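Enquirer: Quick mapping for you: the protein sequence lines, in order, are chains A and B.
Taking my numbering, the leading residue of the first sequence gets 1, the next gets one more, and so forth.
Taking my numbering, the leading residue of the second sequence gets 197, the next gets one more, and so forth.
A few of these clues could be false.
Said to hold, decoys possible - Per the computed footprint, the stretches of chain A lying under chain B, defined by three or more beta-carbons under 8 Å from a beta-carbon of chain B, are:
#1 17–29
#2 76–84
#3 120–131
#4 162–169
#5 179–187
Hints are computed from structural coordinates only; laboratory data are not their basis.
The structure presented is a predicted model; accordingly, all values stated were derived computationally and were not measured.
We put the CB at the ideal spot given by N, CA and C, even for glycine.
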Amino acid sequence: MHAEPLSLIFLNAAVVNNFVLALFLGICPFLGVSAKKETAWNMGLATMFVMLVSSAAAYGINWVLGELQLEFLRLICYIAVIASAVQLVEMFVKRFSPALFRSLGIFLPLITTNCAILGLALFQTAKEYDFVQSLVYAVGAGVGFTLALMLMAGLREKLALARVPRVSEGAAMSLMLAGLLSLAFMGFAGLGGSHG
Amino acid sequence: MAELPNQQESLSLDTFVRGLWEENPVFVMLLGMCPVLAVTNTTVNAIAMGLATTFVLVCSSLLVSLLRNWIPKQVRIASYIVIIATFVTVVDYAIQAISLELYAALGAFIQLIVANCVILGRAEAYASKQRLHTTLVNSLGMGAGFTLALLSLGTVREVLGNGTILGIPLFGADFQPWVVMILPPGGFFVLGAWLLLFNWLRLRKERRLQAAAAESAYAR
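The following block holds chain A by itself, in its conformation from the complex (with noise of 0.2 Å):
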């Protein structure tokens, strides 16, 4: 696994085992904020910082743990981590870009409990990536969930002209659409290797 180049790194974390559609990491603020193009854009960059931090924080910690032989609160370290790289990033917004904070609304804490920031911390965990590796998983990762969440929001403002039946409008309509998105990155199966 070490040997893995890392343009194929990236490209199995951005589109081949996108985090989104083919691993279902993140998927409440691919649903909550994708409505607008301009929303999901600044989340899927707020996500790729705090998934930035997180990763490189997540391999230190890791090293540190495996020395004092305390694996078992590895879990516990992470969300820790997290959670204040995503104050980090909430003072940030607020400071610099106030009507950004407030369009992103509840979702900006909730990056804590997204799972994709979680996963890549131990997806990169479990795979042994080196230092260089780790951060090149995460900026994949990062692109992935920007990608996926740019590509239900250009489809979501379409289909606010449309006139669908009253019975699937909202999520119902919504995970019909997130399975075709799915469907269609299938096709990417095989271009950066098999391994999930």
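On the provided structure of chain A, position chain B as indicated by the hints.
Expert: What follows is chain B alone, placed relative to chain A:
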């Protein structure tokens, strides 16, 4: 949430049943979707995930309810997360000890119970304000509702995508499995179909109520 802040609910059957249907975490509130979609490709996985989540939900809600007067408001979310993560670690090691096969099938999703918003949502909206016994009943109801939702996806996907239920073949050898149902897109489709069904039932009920109201007005 229906309950007002700082008002303690008295125990009734509704405390339990609400989580099953009216406030079902998956079908009504659309929370905790990631495990719902990811591990429901077989019935066994769905049951195991449902039970594990229920255990964490009940234990962490009880502890949060016990400590509700001691946890300072400012650091409450962080405290809840640490409590939840502790119980998830317990479940993680327990499943590893019971069945390695199951552990491999569920993969990272056991540890990802930490990030399940159903649990944090219960801690914040209910357990931090209510007494111990109502919290126990309510969280059991929510856990049951979550397991029910996982099961309703898991069975449909296993029957359609693999032709089996709990690993037992249902159809003859000629059955051609609908493979896409156990692949990721199937999860989205089946959940979407369930939501369509519930929407249809709700709209039908509303229509009937309107018709009945109109009829009684006409009769008068």
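Enquirer: Now look at each hint and say whether the structure bears it out.
Expert: Structure-based check of each hint:
1. 17–29: That given contact holds, which follows from 8 residues of the segment 17–29 of chain A lying within Cβ reach (below 8 Å) of chain B.
2. 76–84: holds (count 4)
3. 120–131: holds (count 3)
4. 162–169: holds (count 4)
5. 179–187: It holds, with 5 qualifying residues against the three required.
In terms of the numbered hints stated before, the structure departs from none.
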